[in-house]
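Could you put the whole structure together from the sequences, leaning on the hints where they help?
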Amino acid sequence: MMSIDEAPILMTINAHRGNLRTKVIGGIMIVLAIFVILVFALGSPAGTHSQLTFDPVNTTDSPIRLGTLTVLTRWWNLILGLAMLGLGVEVFWRQPRRGVMARFGGVAVLLLLALLFWAVRTPGPSQVSYVNLTSIFVGSSEVVMVLIFGALSGVMCERSGVVNIAIEGQFIAGAFIGSIVASETNNFFYAAIVGAIAGGLIGLVLAFFSIRYLVDQIIVGIVIVTGIDFFSAYLNLQVFTPYPNLNVGNLAPNLPIPLLHKIPIVGPLFFNQSGFFYCMVIFVAVVSFALFKTRYGLHVRAVGEHPQAAATVGINVARVRYINVVLGGAIAGIGGVAFMASQGQFIPDYTSGFGYIALAAMIFGRWRPSGAVVASIIFGMTVYLAANLQEFSVPISGEILQMFPYLITIAVVAGLIGRVRPPAADGKPYIRD
Amino acid sequence: MNDIPARRRSILSLWMTLTSQNPVIVTILALVLGFVVGAFIIIFTTATILDAFRGFFNSWGAPGHALKVTFDNVGAAYRDMFTGSVIDPAGFWHSLTTGKGWDNTLTPISETLTYATPLVIVSIGVGISFQTGLFNIGANGQAVLGGVAGAVIGSMIKLPMFIHLPLTLIAGILGGALAGALPGVLKAYTGAHEVIVTIMENYVIYAFLLYVVLSTPYQQPGQANDIGRTIHASAQLPPLFGVASGLRVSYGIFVAAGVVAFAWWFLERSSLGFDFRVTGASPSAARASGISPRAVIILVFLISGGLAGLAGVVQVASTTHYVDGTFLIGDAGIGFTAITVALLGRNKPIGILWASLLFGALGVGGRAMQAATGIPFDLATVIQSVVVLFVATPVLVKEIFRLRAGRTQALQLGTQGWG
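Protein sequence lines correspond, in order, to chains A and B.
Each residue of the first sequence is one higher than the one before, counting from 1 in my numbering.
Each residue of the second sequence is one higher than the one before, counting from 1 in my numbering.
For the record, the hints were derived by calculation from the structure and aren't laboratory data.
A hint or two may mislead.
Stated by the list, open to error - Capping the alpha-carbon separation at 30 Å, the derived lysine-lysine pairs in DSS-like fashion look like this:
1) B:K398 - A:K428
2) A:K293 - A:K428
3) B:K158 - A:K428
Fair warning: this is a prediction, and the values are worked out from it, not measured in the lab.
What follows is the structure, given as structure tokens:
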């Protein structure tokens with residue numbers, strides 16, 4: 001059975017529209033650039049200045065200080081705006097075949113920078129007079145890490161042809177069970193193991209219903225998320241309320257890597273993180289290697305693209321899918337524990353759709369671990385800034401800011417920014433002849 | 001079989017039907033499984049039951065005691081769920097013999113109907129999208145936007161009731177249809193998968209709801225909290241038995257009944273509904289017969305979103321009378337329950353009607369259970385999820401109960417991957 005939008009028709013449309021879409025994207029970039037120049041550059045009174053610092057908030061461990069950079073807000077933002085304009089005009093004019101997404105990402109980053117510089121201008125309305133890039137990176141790295149865990153889980157499952165929309169449920173389950181284990185043993189390694197088992201079990205349920213009984217994977221996923229969501233709320237009242245000692249949790253301690261963590265910017269960001277962060281980095285490497293450099297990865301991709309052909313050459317389609325969905329679930333389960341460990345305890349409804357954002361990051365990342373990482377960084381920073389921009393007294397309502405990560409995700413899935421192609425057999429049950 | 005008397009034969013065939021895999025039997029058995037799972041959840045998470053099992057091997061009487069405690073607790077939970085959502089037999093007998101206290105006796109069923117009224121409407125919208133092979137996961141956001149639109153029209157202008165009430169309901173429909181238009185248009189023109197778009201749209205609309213109830217025009221005057229203005233009486237769906245009765249069931253049930261009738265006519269008798277069903281069953285056949293997939297996608301989302309919006313505004317006009325920051329959010333999110341209701345009702349209007357009464361009763365009964373026994377009402381939703389998982393997997397139910405092969409009717413859903 002084919003879906004309503006069948007590929008051939010869309011592809012012809014896209015061939016005609018490829019240039020048009022690139023032009024539209026270029027146009028959007030130009031509009032953003034003009035907005036920055038008019039509002040953030042010319043809108044800043046002459047003489048106001050902004051500070052840029054790179055030192056982490058806790059400076060005890062950083063012997064090398066980069067100091068602060070003080071710039072004139074108006075001129076600095078004018079430079080940023082002109083750079084954006086240049087990129088936009090280039091995309092609009094030349095319509096490059098590759099790298100449009102990267103240029104758009106660059107424009108988005110410049111836009112955020114200009115917004116921050118404008119927000120912290122002194123004299124100005126904000127109490128904060130500086131932008132601390134290091135603390136923004138470090139602060140958003142927790143969200144980014146969780147999203148990467150989820151997106152990796154999605155890559156594992158969807159490369160083998162199973163849509164894992166239950167990532168959210170695996171997050172919740174991992175966070176819940178991880179909190180119990182971390183509270184009882186005060187050991188986040190055990191918590192991660194148990195969280196992985198919980199996530200893997202949910203993956204197994206998803207695989208069982210969708211592979212063995214051919215139930216629509218999206219239905220199974222959504223029903224699982226609903227069930228887990230309310231089950232965790234139930235357990236929260238029924239177990240954590242009478243036994244609060246099961247949900248004290250603690251923040252996962254940072255494990256600084258000797259010497260390396262003293263490097264400015266890079267040190268606090270990459271070498272002074274919790275164990276979950278290092279674990280995530282290893283997972284990204286392992287999943288990339290396993291999917292694209294090993295025999296097993298070839299089997300997985302074959303099963304995801306053309307299960308009939310894979311079966312013909314002797315690959316056990318169902319087994320590959322089971323393994324990948326369970327492993328993917330386990331990765332998402334660890335992601336849930338990581339989220340809990342960065343919050344200190346389990347709170348119902350606290351993942352607020354991170355599982356779905358991770359899914360969108362995987363789509364934006366074109367079903368590749370590397371792409372998923374880039375997309376998770378963009379989405380994670382947006383989520384973090386939307387939640388934290390208010391401390392800069394940006395004159396935008398916080399509720400409107402909250403919409404941004406989700407709106408960007410919609411724009412991404414709609415192909416307004418870049419075009420993506422899923423594995424050919426993604427979401428389709430494999431029926432043996 | 002010919003030498004079996006006719007009477008015996010009919011009993012035999014009844015037995016054959018009861019032990020074969022047909023939709024009704026599968027649904028009933030799925031319910032049984034759901035409640036069994038729920039019972040195990042209660043057993044493993046209730047301290048008193050676990051304490052009773054602690055001394056299981058200590059004395060001869062202990063196992064019996066442990067089982068008794070188990071049955072008492074689980075039984076009490078399910079009994080409270082029933083009496084809190086349908087009827088309390090003792091109270092009913094009291095009212096029947098003395099003629100007094102009917103208000104109290106009818107309160108549970110009235111609450112169930114109140115809860116089920118918007119649920120039917122939104123579930124039918126979701127069911128129509130499912131029948132067309134499209135996944136509308138955004139029904140909750142659409143209902144919220146419909147509720148907000150209706151609440152704004154209902155509270156900020158003043159008109160006589162015969163204009164104001166219809167206008168409020170139409171505003172709700174338009175609000176929901178507007179929210180439905182986005183995933184529909186994006187799906188039709190860019191191929192964006194509606195599941196992701198609608199999920200994201202939900203979060204956007206929740207943020208918008210907070211924005212609306214916190215900003216000056218609609219926020220309740222003199223309030224700093226996230227609470228909106230109360231709608232005028234002329235925009236309300238009044239209680240069916242008058243305000244004095246205390247029964248909350250409102251004229252909204254006629255709106256719901258109208259929607260069920262409309263949906264039945266639409267899907268079974270109208271040509272557009274036929275186009276929808278053909279598209280859901282076989283998109284290529286639909287295109288071959290000249291049905292425009294784009295038009296169908298957009299129309300489905302407009303109708304589905306419009307019905308969700310109507311559900312939202314019915315909820316405002318009949319029950320809450322105002323919108324606040326938690327409107328239809330979290331455990332009140334009827335748009336998510338609607339997905340399970342539509343699946344349980346096999347996307348058919350009549351099936352959805354029964355399913356929403358059942359899940360309405362489960363939701364209301366869950367709260368009664370929490371009030372009486374302290375077991376959190378979220379259990380009701382967990383049971384619902386388990387039931388729907390089994391309903392969607394008739395083969396598994398068949399294997400568990402060793403049913404005979406029969407009229408298999410798997411759910412026909414045409415969504416496949418991210419397209």
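**Study point:** Satisfaction of hint between A:K428 and B:K158, Cα-Cα up to 30 Å
**Key:** violated, 53 Å
Check your understanding: Hey, B:K398 versus A:K428, does the alpha-carbon distance stay inside 30 Å?
Key -> Holds. B:K398 to A:K428 sits at ~24 Å (cutoff 30 Å).
Review point. Given the hint that A:K293 pairs with A:K428, does the C-alpha gap stay at or below 30 Å?
Key: holds, 25 Å
Violated hint: 3 only; the structure is consistent with all others.
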